[in-house]
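Novice: Top line first, the protein sequences correspond to chains A, B, C and D.
Under my numbering, the first residue of the first sequence carries the number 63, and numbering increases by one thereafter.
Under my numbering, the first residue of the second sequence carries the number 63, and numbering increases by one thereafter.
Under my numbering, the first residue of the third sequence carries the number 63, and numbering increases by one thereafter.
Under my numbering, the first residue of the fourth sequence carries the number 63, and numbering increases by one thereafter.
Hints are not guaranteed to be accurate.
Stated by the list, open to error - In silico BS3-like links for lysine-lysine, alpha-carbon gap of 27 angstroms or less:
#, chain 1, residue 1, chain 2, residue 2
1, A, 264, A, 151
2, C, 68, A, 132
3, A, 72, C, 132
4, C, 68, A, 89
5, D, 151, D, 180
6, A, 377, B, 68
7, A, 68, B, 377
8, D, 68, C, 377
9, C, 321, A, 72
10, B, 89, D, 72
11, D, 72, C, 377
12, A, 68, C, 132
13, D, 180, D, 210
14, B, 210, B, 151
15, A, 151, A, 180
16, B, 151, B, 261
17, B, 377, B, 210
18, D, 261, D, 151
19, D, 377, D, 210
20, A, 377, B, 72
21, B, 72, D, 261
22, C, 89, A, 72
23, A, 68, C, 321
24, A, 377, A, 210
25, D, 132, B, 72
26, A, 72, B, 377
27, B, 89, D, 151
28, C, 72, A, 132
29, C, 264, C, 151
30, A, 210, A, 264
31, D, 261, D, 132
Said to hold, decoys possible - Stretch by stretch, here's where chain C covers chain D in the computed footprint (C-beta under 8 angstroms, at least three residues):
#, region
32, 102-111
33, 189-197
34, 225-233
35, 249-259
36, 272-279
No wet-lab data here; the hints were simulated from the structure.
These numbers were taken from a predicted model, which means no experiment stands behind them.
Glycine included, each C-beta is placed from N, C-alpha and C at the ideal position.
Number of protein chains: 4
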Amino acid sequence: MIIVMKPSAKPADIQQVIARVEQFGLKVHISEGEAHTVIGVVGDTQSLDQRNFEVLDGVERTVRISQPFKVASREFREGDTVIDVNGVKIGGRGIVIMAGPCSVESRSQILEAAHIVKEAGAHILRGGAYKPRTSPYSFQGLGEEGLKLLAEAREATGLPIITEVMGASEVPLVCEYADILQIGARNMQNYRLLQAVGKVQKPVFLKRGMSSTIQDLLMSAEYILSGGNYNVILCERGIRTFETYTRNTFDINAIPALKQLSHLPVIGDPSHGTGKWDLIAPIAKACLAAGADGLMIEVHPRPEEAWSDGAQSLKPSRFERLMSELRALAEFLGRPMS
Amino acid sequence: MIIVMKPSAKPADIQQVIARVEQFGLKVHISEGEAHTVIGVVGDTQSLDQRNFEVLDGVERTVRISQPFKVASREFREGDTVIDVNGVKIGGRGIVIMAGPCSVESRSQILEAAHIVKEAGAHILRGGAYKPRTSPYSFQGLGEEGLKLLAEAREATGLPIITEVMGASEVPLVCEYADILQIGARNMQNYRLLQAVGKVQKPVFLKRGMSSTIQDLLMSAEYILSGGNYNVILCERGIRTFETYTRNTFDINAIPALKQLSHLPVIGDPSHGTGKWDLIAPIAKACLAAGADGLMIEVHPRPEEAWSDGAQSLKPSRFERLMSELRALAEFLGRPMS
Amino acid sequence: MIIVMKPSAKPADIQQVIARVEQFGLKVHISEGEAHTVIGVVGDTQSLDQRNFEVLDGVERTVRISQPFKVASREFREGDTVIDVNGVKIGGRGIVIMAGPCSVESRSQILEAAHIVKEAGAHILRGGAYKPRTSPYSFQGLGEEGLKLLAEAREATGLPIITEVMGASEVPLVCEYADILQIGARNMQNYRLLQAVGKVQKPVFLKRGMSSTIQDLLMSAEYILSGGNYNVILCERGIRTFETYTRNTFDINAIPALKQLSHLPVIGDPSHGTGKWDLIAPIAKACLAAGADGLMIEVHPRPEEAWSDGAQSLKPSRFERLMSELRALAEFLGRPMS
Amino acid sequence: MIIVMKPSAKPADIQQVIARVEQFGLKVHISEGEAHTVIGVVGDTQSLDQRNFEVLDGVERTVRISQPFKVASREFREGDTVIDVNGVKIGGRGIVIMAGPCSVESRSQILEAAHIVKEAGAHILRGGAYKPRTSPYSFQGLGEEGLKLLAEAREATGLPIITEVMGASEVPLVCEYADILQIGARNMQNYRLLQAVGKVQKPVFLKRGMSSTIQDLLMSAEYILSGGNYNVILCERGIRTFETYTRNTFDINAIPALKQLSHLPVIGDPSHGTGKWDLIAPIAKACLAAGADGLMIEVHPRPEEAWSDGAQSLKPSRFERLMSELRALAEFLGRPMS
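Please model the complete structure; the sequences and the hints are all you need to start from.
Specialist: Here is the structure:
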């Protein structure tokens, strides 16, 4: 961390900053510039709140030098983290596709969806039993009944299942059924939930919050990792910007950036990232070209009858066509799908 | 809700949309424009997910006409909601000031802070016992011990206390101590928590999420209200934008906008809204001039020693001066402080 | 400027950075941290492009320490800049109000508007003769005819006039008529235009671009100032964010921030900052409370017949009422209107 | 266009809206909803400013139904626009690569750069002679001398050249040298410049402004097209968001969205879109996968000595490697490079 003093800072101000730094058992390194004195803080500053120094007299601002995440960082671990989910390897050489409906709506719907995505070549079945909805009056998911139907769909197809968990107290129940726990974008900084999934060993699929920076996402991963669960999968699903033509702005830069900064697998979600079914295919391909380890795609047997997110779900024939294009692209990129 | 058809939409597409609308027991009203056919949906569309219609063939987009919130809306309730907290009226004629440190750090610190803000004229004491921190390695709050110290500070000063609750399972415990439950910005769409505080009768102070629209904030309020707890206080605390000079961009427009759209009290938080102690005073005054019902301000006996948010906390002498200016301004505006 | 090396940087990388810095006649100051070596660059780095150093091997990133603006900065000038426009002092003790229609539409319209705002107490008349419109098919302004009508309105009322100039080649013509040249938000980084108005001595009213940071605005002011025209007035008029309820998000923080960083006068524009006539009054008051030196407000004799921006224009009776409230508030704040 | 009335609107308000619509020679179509009356406006509303209706009593808001751009739209033109620049076809089957340094710095630099990009397989040479710089103290380009050097590089390599024009008065001069005129992001809404390039027949490369929506970009294209110059190339180069790890957020969604909405060619600029040389390759590939017609990439013989944008320029060996990867990818995608 460095502390930039104002041009008007007095020697006594600098002394006060030094004294404060030393109270934390850290050392300083002082550099006098043309206008500004810059105080470097040497030592382990990980748990320091840099903004606390900004209130001292004569301080203009502070700048963090080290990344605030440790276990999530590339430096922490040699090689990429590969997570094995019932034989499906996420983060390894091959591309992994997670697909299925936004919500579990009925036994026949989820079974039909599971067979469709399985036959098209997807590796993991998605489906929401607990749905975070903006409106309290919207369908909130089938709850445990939905989890049971997902488990039945897994039985029928052999596909591992991923489903969202919305609260810390639901973690044990969802763990009984799911192969991967999903944390939704709105809960990315629900720290009680992050702490709860940090204490189990199920893989966690962590979606980037819609106004979260890349660093924020990695800090939320750090909560889970530092709790002892090392099976974290990162997901870019679009951020909120001024653009309104699409539901979100898919931050394609985040894919290679996350791969540079972290050893964790990175998945792209073009359904949420665009909000429009007819933009899913080009963005799905862009994700693979940019280095994503896989994709999450919403597919519904009849999107026009979906209870949620129909607008960003593919119908079966379009998903099949997309899968055959993605299979060829993955092969071309040297990351063949199993 | 209206459904805008593409210029290329065929009669069969329009028929399909009509059929789909009628399945929900709603009626249509068709308007043929130069290029676009527009289908108006008549009836109660509150629980309808408009985006589901966007997947139908020939549909270009949908536009919601009615506000999706009901109980939170101005139309729902004649007059402003006034919430009485141990005699302090929030949302009434007088301006209300909530002040105190970011975190409860020790007995002496919170007691000292409580006396300082009380003597300066604040009406409610704030202080965090459970702290949502970006880093798992930062101070996470004193927990129940912090709640007890807050209660002791209330005893000593007579000030009601407001403190944050981070998870649904902590609601009963926090209710035992707090007079107002605070939901932080990161938890604004933590629906399990909203549901939990909707079932108690303690006033809830709901902070706007940093990437939440005004409508999103009112929808989160709607979760609490529709659960049966009508004591909701809204808080504007700044949103995330491209500007980096300040920690957040304080959305001053939101204050009169929320007062127009809703009957709920609206509080401004210039500490988080700026992130800089030397911008708190002008933004605090701007909030009152724009029609806020009160303010939440971070104050610490010695900000340079604060464990969190020192950079955006006022020291006692500055808070006293600000309070005397705010008192005069409130008086001028016809909203005198008690 | 400081240069942060990667943890993996080699001694040769550090040597290369030092050599590169020294080529610019600057000195280095090296500080070894736990993980990162930090190289401080000492000397006049104003004209240096910091990003050029980011391409050197082993460099993680660079951080600018000094503000990149000079003449616009508080440090440059003792006291506030006060600009005298035909006797109206902008940036001095008193609050200044600029008001009038978005566009000059006809002789009778602008004369009527001028008399209305004059009688209500405004100090300067605004009106657009050249209109930057998003659509090439929209009304583009009356051009020189509009300038002549503005001059006639000045004659009739004695009010100085402010009007927009859109291109460098139009500067001489607009200078013949206008008392203040307005640079619109979309042209804030039109450097040819900034250079052109930097060479005349007419006061320039520089509106913040809708995605410009506070620093960007001051850098654009610096273009004008460094050209030799010291009569620059800054205007906050809202920025573009994800919020759609209002046309722009008025960045109230920018008002005290600009007053801290610069000696130039700062004006708020609540018409553009909200886009809604019924939000103008509360935001206008908030601007004064936050320390603005004045306001620009759109007023039209009959907003419902305006050719542009009717939605954010006040009708005469509402403007009169607002002016009487603002006069009292300015008085209260110790900044009486003349 | 539709006009949504407030629930509280009176019959007289509705009558006033109808009368106002009819003044423009348009018809209305009225639809009574549960709470809101919705007035559809039928006829050519292209030149109508929808916001003018928002000031009428009882109006809640207005919604535009038709796209405000005409000539730029898919509906206007059967098939894609293909622009032939000295034999290089932009917007056709094959992918086109534009490459070269940010600025022309010297004769040897631009000639060396031209040979490097030519040999690596690029089709068009880029280089700035007039540079829009945030700081008036930064290098502003070599001006006409730079244009001459670019022409010499074209002579030497046969590559057509693209260079930026910053002001309307410079258009004739730049036209003498350049094969394609570039409009930079900061000038995307400099309407005088758009009008000037609309009157010549040189192809125009229009970069999206950093806070411009997809619709804004198409409206700026419309300015040029409606002026009579049909040779417009659109460029996505990243938008400004809250993310700070990258210089801009590359809006990959915009690529397929623009191809859907318009017949104009779409080029991606991963140098500006990321600001980091080590993210250029993955984003360049993502652009092709998403359907871009080509790329603009900054390449410098020695980026560590570049006078501008070194951080986002590739060095020759990296560019060569990237070109060979892009060539294979373009081939795979059925869009081979010539």
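Novice: Which constraints among the numbered hints does this structure fail? Numbers only, ascending.
Specialist: 21 and 27
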